[in-house]
Amino acid sequence: MARKDYAEEKEKCKRFLQEFYTEDGNGKKVFKYGVQLVALAHREQVGLFVELDDVAEEDPELVESICENAKRYTGLFADAVHELLPDYKERDVVAKDSLDVYIEHRLMMEQRVRDSADTRDSRNQYPPELMRRFELYFKPPNTSKAKVVRDIRADSIGQLVTVRGIVTRATEVKPMMAVATYTCDQCGAETYQPIQSPTFMPLIMCPSQECVTNKSGGRLYLQTRGSKFVKFQELRIQEHSDQVPVGNIPRSMTVYARGENTRLAQPGDHVAITGVFLPLLRSGYSQAVQGLLSETYLEAHNITLMNKTEDDELGSEELTDEELRSITEEGFYEKLSGSIAPEIYGHEDVKKALLLLLVGGVEQAPKGMKIRGNINICLMGDPGVAKSQLLSYIDRLAPRSQYTTGQGSSGVGLTAAVMRDP
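Quick note on this note's numbering: the sequence shown kicks off at -2 and runs consecutively.
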């Protein structure tokens, strides 16, 4: 594979953001990302979602590069947006929070000191992560297929992948430090430390030129007011029951959601998450104990709830003429119930009840009361009348079902308990 010139790749990203357009109903050009850049420049929008289908229209090779090296191209697109924003800024933006005021004061001080760029250490320069007040994410192509958790292996590290599963745990949204700002107690210089992992080692000694020359041994103190924080939420997704091979246990994966991707999913939701599959970088004692092994996680770029989209797709699909004729025929209810476990003779009433269990009902709320539309069914009968066979057929038919037995649960010592989520 030929080595890429990432400066040229960044120019491709800039050209795409500037030149990509769509046509409205009147045939007028609408610069899709140009409008969003104006909103980003005026702080009216936070997240910029780059659709890879749009990129494929301009440069299909760029889409392949993004999918293969998503982390690098996220930085390239962010750099391109950061360089383009001043050209799209039409008016001054009022400071919204303490970090805006902090940065504004520091920039005013920089203008007064003309030779500051020559004397300041590289760590004292403002990192781009601190100056950016936007977030950039990728939306996957429509042609990409979602994978199951067990198909995400080591060869997918660094790639943009889409995973389907059910959310089993979602933590509270908490602030996560993205850039740490320190102040020296001797020379007063400020030092900035971009943070790329969930854990970091705080800086202690001042690296400024003044402290190094004078050997004053200045110590750094964290300034939370000048540090940058982002919203952070950890999700845990698990395979669907229909994706688990027989005799295996469901596998799970950790998902890190930041910024605009937080609070989009709750435990129990069926989701399709697109993100970058990355190893978890640790330092200090935990890395020494862990050795060569590394935990992995998915850095979320796009979260889609499958609960609503599947229902919408089912409701929006038009029935064929043959399906309409079948619905209007007499005995359609009996035909549907008879299609459940056709190899089992009889049990028409039981099959009709199981059909109603699959379809469900309408939730009612008369005068403040809540009557749920779903029903529970208890099958009782003599041994050998196909009770378990009928239920196992329903388990295979419904994609969101879990089949278990009392004997199997007791045999492994399964105990139900309510525990607080850490």
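One thing to keep in mind: the hints can contain errors.
Restricting the straight-line Cα-Cα distance to at most 25 Å, the calculated cross-link-like pairs of lysine-lysine (DSS-like) are [unchecked claim]:
hint, residue 1, residue 2
1, K68, K9
2, K384, K332
3, K11, K68
4, K171, K9
5, K68, K1
6, K26, K144
7, K142, K11
8, K136, K26
9, K332, K367
10, K68, K142
11, K68, K171
12, K11, K1
13, K11, K29
Distance ranges between label pairs, derived from CB positions [as the list claims (entries may be wrong)]:
hint, residue 1, residue 2, range
14, L355, G328, 17 to 23 Å
15, D50, K86, 47 to 53 Å
16, D50, V98, 38 to 44 Å
17, D152, G214, 20 to 26 Å
18, E80, D21, 25 to 31 Å
19, R216, E55, 47 to 53 Å
In short, the hints are calculated from the structure, not lab data. Where a beta carbon is used, it is the ideal one built from N, C-alpha and C, also for glycine.
For each hint, the structure was consulted:
{"no.": "1", "hint": "K68 x K9", "in the structure": "17 Å, holds"}
{"no.": "2", "hint": "K384 x K332", "in the structure": "20 Å, holds"}
{"no.": "3", "hint": "K11 x K68", "in the structure": "17 Å, holds"}
{"no.": "4", "hint": "K171 x K9", "in the structure": "36 Å, violated"}
{"no.": "5", "hint": "K68 x K1", "in the structure": "15 Å, holds"}
{"no.": "6", "hint": "K26 x K144", "in the structure": "36 Å, violated"}
{"no.": "7", "hint": "K142 x K11", "in the structure": "28 Å, violated"}
{"no.": "8", "hint": "K136 x K26", "in the structure": "22 Å, holds"}
{"no.": "9", "hint": "K332 x K367", "in the structure": "32 Å, violated"}
{"no.": "10", "hint": "K68 x K142", "in the structure": "20 Å, holds"}
{"no.": "11", "hint": "K68 x K171", "in the structure": "23 Å, holds"}
{"no.": "12", "hint": "K11 x K1", "in the structure": "17 Å, holds"}
{"no.": "13", "hint": "K11 x K29", "in the structure": "14 Å, holds"}
{"no.": "14", "hint": "L355 x G328: 17 to 23 Å", "in the structure": "19 Å, holds"}
{"no.": "15", "hint": "D50 x K86: 47 to 53 Å", "in the structure": "28 Å, violated"}
{"no.": "16", "hint": "D50 x V98: 38 to 44 Å", "in the structure": "40 Å, holds"}
{"no.": "17", "hint": "D152 x G214: 20 to 26 Å", "in the structure": "48 Å, violated"}
{"no.": "18", "hint": "E80 x D21: 25 to 31 Å", "in the structure": "28 Å, holds"}
{"no.": "19", "hint": "R216 x E55: 47 to 53 Å", "in the structure": "51 Å, holds"}
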